[in-house]
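Please work from the sequences and hints to get the whole structure.
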Amino acid sequence: GAGVSQSPSNKVTEKGKDVELRCDPISGHTALYWYRQSLGQGLEFLIYFQGNSAPDKSGLPSDRFSAERTGGSVSTLTIQRTQQEDSAVYLCASSVSGRDSTEQFFGPGTRLTVL
Amino acid sequence: AQSVTQLGSHVSVSEGALVLLRCNYSSSVPPYLFWYVQYPNQGLQLLLKYTSAATLVKGINGFEAEFKKSETSFHLTKPSAHMSDAAEYFCAVSDWYGNNRLAFGKGNQVVVIP
Numbered sequence: 204g205a206g207v208s209q210s211p212s213n214k215v216t217e218k219g220k221d222v223e224l225r226c227d228p229i230s231g232h233t234a235l236y237w238y239r240q241s242l243g244q245g246l247e248f249l250i251y252f253q254g255n256s257a258p259d260k261s262g263l264p265s266d267r268f269s270a271e272r273t274g275g276s277v278s279t280l281t282i283q284r285t286q287q288e289d290s291a292v293y294l295c296a297s298s299v300s301g302r303d304s305t306e307q308f309f310g311p312g313t314r315l316t317v318l
Numbered sequence: 026a027q028s029v030t031q032l033g034s035h036v037s038v039s040e041g042a043l044v045l046l047r048c049n050y051s052s053s054v055p056p057y058l059f060w061y062v063q064y065p066n067q068g069l070q071l072l073l074k075y076t077s078a079a080t081l082v083k084g085i086n087g088f089e090a091e092f093k094k095s096e097t098s099f100h101l102t103k104p105s106a107h108m109s110d111a112a113e114y115f116c117a118v119s120d121w122y123g124n125n126r127l128a129f130g131k132g133n134q135v136v137v138i139p
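Listed in order, the protein sequences are those of chains A and B. Each residue of the first sequence is one higher than the last, beginning at 204 in my numbering. Each residue of the second sequence is one higher than the last, beginning at 26 in my numbering.
In case anyone wonders, no lab produced these hints; they're calculated from the structure. Careful, some of the hints might be misleading.
[As the list claims (entries may be wrong)] Subject to a maximum C-alpha distance of 30 angstroms in a straight line, what follows is the list of computed DSS-like cross-link-like pairs (lysine-lysine):
#1 Lys131(B) with Lys218(A)
#2 Lys260(A) with Lys214(A)
#3 Lys94(B) with Lys131(B)
#4 Lys93(B) with Lys83(B)
#5 Lys220(A) with Lys260(A)
#6 Lys260(A) with Lys83(B)
#7 Lys131(B) with Lys83(B)
#8 Lys218(A) with Lys260(A)
#9 Lys131(B) with Lys260(A)
#10 Lys131(B) with Lys74(B)
#11 Lys131(B) with Lys93(B)
#12 Lys214(A) with Lys131(B)
Structure below.
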């Protein structure tokens, strides 16, 4: 079956532009996570969705970052007024539930480069 | 918050030799621990997880890890390295916010020398 997919795979943008990153989770997975992987900070949690709600968005680094999920499926992470420090690989993961210890399945990531 | 520590960002191992990747955790409650592997330009794949059912956990591709509470460790081992084991390995702990968000270690880049 299909795994988690993300688009685009690579995105190059200019400082100050807005970008949208998309995640298609595994069908039927109610929990969805966004993580960021950067050289300096390693892998960091950004936001968690259960269905369409985001009960935990404590990892978002600033108010330039936002995310939504619609239909309990596709999620979009939006970064406004991008900065060079936003350059990273953005990973999406989904799992059957948000219960602790449940396996998370990761997508291949979107590599964002801000010039 | 829970956390994990992985030492030595790069690990070189000869083909056929033991692979040992160290992970120590910090947790105020019994942890759920994971090892993930990441191949170039791919997402993370679960190798194995500890959920308190058994202290010795066997995973995919011949890897296993042993949970040692007294040492707060969850080291990953494989008896004989294969060239296909070259990848980056991450230890992670479920961060106990009740939503299974993961806190990752810095990772180990494993290089297998023929």
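Note to self: Need the list of violated hint numbers for this structure, in ascending order.
What the structure shows: Structure breaks hint 6 only.
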